[in-house]
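Asker: Now for the letters of each chain:
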Amino acid sequence: MLKPLHKHLLNDFQRDFPLCSRPYQDIAHQLGVSEEDVLLALTELNNNNFISRIGLIIPPNQLGVSTLVAMAIPEYDLESVAVKISAYSEVNHNYEREHTFNLWFVAVANNTEHLQAVLEHIEQDTGYKTMSVPLLDDFFIDLGFQLDLQNA
Amino acid sequence: MLDARDRQLLERMQIGLPVCPRPYAEIGHFLAMSEAEVLERLTHLKQQGLIKRMGVIVKHHQLGYRANAMIVWNVPDTLIKQLGARISQFTFVTLCYQRPPHSQWPYNLYCMIHGKNKATVLAQLDQLNTDCNLGEFNQEVLFSRRCFKQRGALYSSNTDVSREDHG
Chain A
1 MLKPLHKHLL
11 NDFQRDFPLC
21 SRPYQDIAHQ
31 LGVSEEDVLL
41 ALTELNNNNF
51 ISRIGLIIPP
61 NQLGVSTLVA
71 MAIPEYDLES
81 VAVKISAYSE
91 VNHNYEREHT
101 FNLWFVAVAN
111 NTEHLQAVLE
121 HIEQDTGYKT
131 MSVPLLDDFF
141 IDLGFQLDLQ
151 NA
Chain B
1 MLDARDRQLL
11 ERMQIGLPVC
21 PRPYAEIGHF
31 LAMSEAEVLE
41 RLTHLKQQGL
51 IKRMGVIVKH
61 HQLGYRANAM
71 IVWNVPDTLI
81 KQLGARISQF
91 TFVTLCYQRP
101 PHSQWPYNLY
111 CMIHGKNKAT
121 VLAQLDQLNT
131 DCNLGEFNQE
141 VLFSRRCFKQ
151 RGALYSSNTD
161 VSREDHG
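Taken in order, these protein sequences are the chains called A and B. Quick note: the first sequence, position 118, residue 118 per our numbering, numbers continuous. Quick note: the second sequence, position 51, residue 51 per our numbering, numbers continuous.
Accuracy of the hints is not assured; some may be wrong.
[As the list claims (entries may be wrong)] Listed below are several chain B residues computed to face chain A (Cβ distance under 10 Å; list not exhaustive):
1) H29
2) F30
3) L31
4) L63
5) Y110
6) F148
Hint data in this document are derived by calculation from the structure and do not stem from the laboratory. Cβ atoms here follow ideal geometry from the backbone N, Cα and C, with glycine treated the same way.
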């Protein structure tokens, strides 16, 4: 069961996180609790895997180059291929999806040559083709996601 | 534009802000940067639009949002910006991108919906199709099954193809 403090931390601080020397104290003031309460509650949320981090969303392709990659893998081979692909440090967000193209992952690298090398390496390593669909335009303005935590 | 120090700072921030009383000082400690410089650079990067959002990054799935769908449409290029902008207005949408079509994959407009269950997501998709007049275009819904890996984008200066050692 999430306490009201947890719920506030989850929903009210997804954007415009305080940029000041003691941000957690700032949040504590806003919520009428102590800085220690905030630190403890965030640690609990972290330990329970409800948050991945307090961090940044950077516009795509700002720090490096990335692409979304799809592969069509026979069911019997899917898990072993997925595990191989997840092992690359260039790969994040590796998901199985309900489709013939059943494996979707994002690969990031410093430059397009390196990115290309990763995809070629993966094709050799797994024996399956990759379909790369790099981002052409981003329409999304990220304001965070309002969670319905009524029954959480 | 980003200088080398900005890059170091953004890379470090990908791991996440420490949960301790002076987190920016701690980040600075690793980069030989003062707390004031960390705060100044982050504030400036945000103003320049080089940080889209800074704050708590939640795990939808663990918080009861069990259904995650990637929806793809094949729409005329001339309409794509306008449609992308409209789709992005819906609060249940969590990403919206244009990507190039392929021979076996004609789709060029992508969005992501996180919902508590499949029925909710499909109802939200109906709403999108109706309100944005997307119903006439070829489309597919790809619900996620297993998540094999999930973490924020990591960039490193290492350019060798490398694999993580999971022990």
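Asker: All the hints need checking, so say for each whether the structure fits it.
Answerer: Evaluated hints:
Interface restraint check for H29 (chain B): the shortest CB-CB distance to chain A comes to about 14 Å, outside 10 Å, so the restraint is violated. Among the interface hints, the one on F30 (chain B) is violated; its C-beta lies about 15 Å from the nearest C-beta in chain A, farther than the 10 Å criterion. Annotation: L31 (chain B) was flagged as interfacial toward chain A, and the flag is violated, the nearest CB pair being 15 Å apart, outside 10 Å. For L63 (chain B), the interface hint holds, since its Cβ comes within 10 Å of a Cβ in chain A; the closest pair sits about 6 Å apart.
Here the hint on Y110 (chain B) is kept, as its CB sits about 8 Å from the closest CB of chain A, short of 10 Å. Interface hint status for F148 (chain B): upheld, as the beta-carbon distance to the closest one in chain A is roughly 4 Å, under 10 Å.
Violated hints, in rising order: 1, 2, 3; the structure is consistent with all others.
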